[in-house]
Amino acid sequence: MKYKEFNLHKGMRTRYNLIMLMLIISTTITAQQLYLETGKTVSSFDYKNSQGNKLNNLQATTHNFMALGYRKQILTKNLFVSLGASYADYGAIGSDDSVGNFMEWNLTYLEFNLGLDYELFTLNKIKFYTKGTAALGLLLRGTQTLNNRVINLKNNDEFDKTLINLKVGAGLSRPISDKLSVYVQYMYGKSLAQKNDTEQSIGEETLKIESHNISFGLLINLFIPKTSHSISQ
1 MKYKEFNLHK GMRTRYNLIM LMLIISTTIT AQQLYLETGK TVSSFDYKNS
51 QGNKLNNLQA TTHNFMALGY RKQILTKNLF VSLGASYADY GAIGSDDSVG
101 NFMEWNLTYL EFNLGLDYEL FTLNKIKFYT KGTAALGLLL RGTQTLNNRV
151 INLKNNDEFD KTLINLKVGA GLSRPISDKL SVYVQYMYGK SLAQKNDTEQ
201 SIGEETLKIE SHNISFGLLI NLFIPKTSHS ISQ
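Just so you know, we're using the working numbering here: the sequence shown kicks off at 1 and counts up by one.
Note that these hints are calculated values from the structure, not bench results.
One thing to keep in mind: the hints can contain errors.
[Stated by the list, open to error] DSS-like cross-link-like pairs, simulated, lysine-lysine; straight-line CA separation at most 27 Å:
| no. | residue 1 | residue 2 |
| --- | --- | --- |
| 1 | 72 | 127 |
| 2 | 190 | 161 |
| 3 | 195 | 48 |
| 4 | 54 | 179 |
| 5 | 131 | 208 |
| 6 | 167 | 54 |
| 7 | 190 | 167 |
| 8 | 154 | 48 |
| 9 | 195 | 154 |
| 10 | 167 | 40 |
| 11 | 190 | 179 |
| 12 | 161 | 40 |
| 13 | 154 | 167 |
| 14 | 77 | 167 |
[Claimed, not checked] Cβ-Cβ distance ranges computed for the label pairs, FRET-style:
| no. | residue 1 | residue 2 | range |
| --- | --- | --- | --- |
| 15 | 152 | 114 | 42 to 48 Å |
| 16 | 62 | 223 | 36 to 42 Å |
| 17 | 149 | 190 | 25 to 31 Å |
| 18 | 74 | 140 | 27 to 33 Å |
| 19 | 149 | 62 | 23 to 29 Å |
| 20 | 95 | 38 | 49 to 55 Å |
| 21 | 126 | 208 | 31 to 37 Å |
| 22 | 51 | 123 | 51 to 57 Å |
| 23 | 57 | 172 | 34 to 40 Å |
Beta carbons: idealized from backbone N, C-alpha and C, even for Gly.
Make a model of the complete structure from these sequences and hints.
Structure, rendered in structure tokens:
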């Protein structure tokens, strides 16, 4: 009797483990996507010189960016995590009337992005979502123009070349087939302060990058679930 009960419990545990394994595999397979994205960035700078004076007349400039990465459903059916990389340009232009200086920045970063997005609701196949990301950017090239002098920031050891950028926003997506969806989104971002502290200066020069991104993207399903036809309808 005890032997039969042992085999019964063992068989139940085996079936339970198989069911859980199948559920995990099913969730993993049906929730993986690749994303390709491109868009425009309107960037402006929050700049303070070494004396702590803020420049209030810096003007925003428009740039391009491209991104690609991997997106996966986690925890619940509406929550997704994404990992990716982007090639992004930032810049600003302005002048300091008090000292008669003209200034311009042009920066290009390779960014590594970690994001979370949550699908709020679906209306006529269109999914509305909110999103937040954190990015670590490495400076590929950069220049600062001060009057007629051009400073290469890439080769300037005094300038912090690492950008930490935080963004929040929202978007909408729509499937156009079982394999492909399109999306548009808006993201607002602001970086942590980059610092340039020299021995000759009284204090440290700081720069924060503020950005507004409008983008268009494609979501490519790596695996097509069997119930995809009924879900998309």
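Going through the hints against the structure:
1. 72 <-> 127: 16 Å, holds
2. 190 <-> 161: 16 Å, holds
3. 195 <-> 48: 10 Å, holds
4. 54 <-> 179: Distance ~50 Å between residue 54 and residue 179 Cα, so the pair is violated.
5. 131 <-> 208: 22 Å, holds
6. 167 <-> 54: Answer holds: residue 167 to residue 54 is near 23 Å, not above 27 Å.
7. 190 <-> 167: 7 Å, holds
8. 154 <-> 48: Roughly 20 Å between the alpha carbons, so the hint for residue 154 and residue 48 holds.
9. 195 <-> 154: 14 Å, holds
10. 167 <-> 40: 15 Å, holds
11. 190 <-> 179: 34 Å, violated
12. 161 <-> 40: 22 Å, holds
13. 154 <-> 167: Holds, because 24 Å separates the two Cα atoms, which is no more than 27 Å.
14. 77 <-> 167: 23 Å, holds
15. 152 <-> 114: 42 to 48 Å: 30 Å, violated
16. 62 <-> 223: 36 to 42 Å: Between residue 62 and residue 223, where Cβ atoms are some 38 Å apart, the hint holds.
17. 149 <-> 190: 25 to 31 Å: 28 Å, holds
18. 74 <-> 140: 27 to 33 Å: At 31 Å between Cβs, range holds.
19. 149 <-> 62: 23 to 29 Å: For residue 149 and residue 62 the Cβ distance comes to about 25 Å; the hint holds.
20. 95 <-> 38: 49 to 55 Å: 32 Å, violated
21. 126 <-> 208: 31 to 37 Å: 35 Å, holds
22. 51 <-> 123: 51 to 57 Å: 53 Å, holds
23. 57 <-> 172: 34 to 40 Å: Distance hint for residue 57, residue 172 holds at roughly 36 Å.
Figure legend: structure checked against the earlier numbered hints; hints not met, in rising order: 4, 11, 15 and 20.
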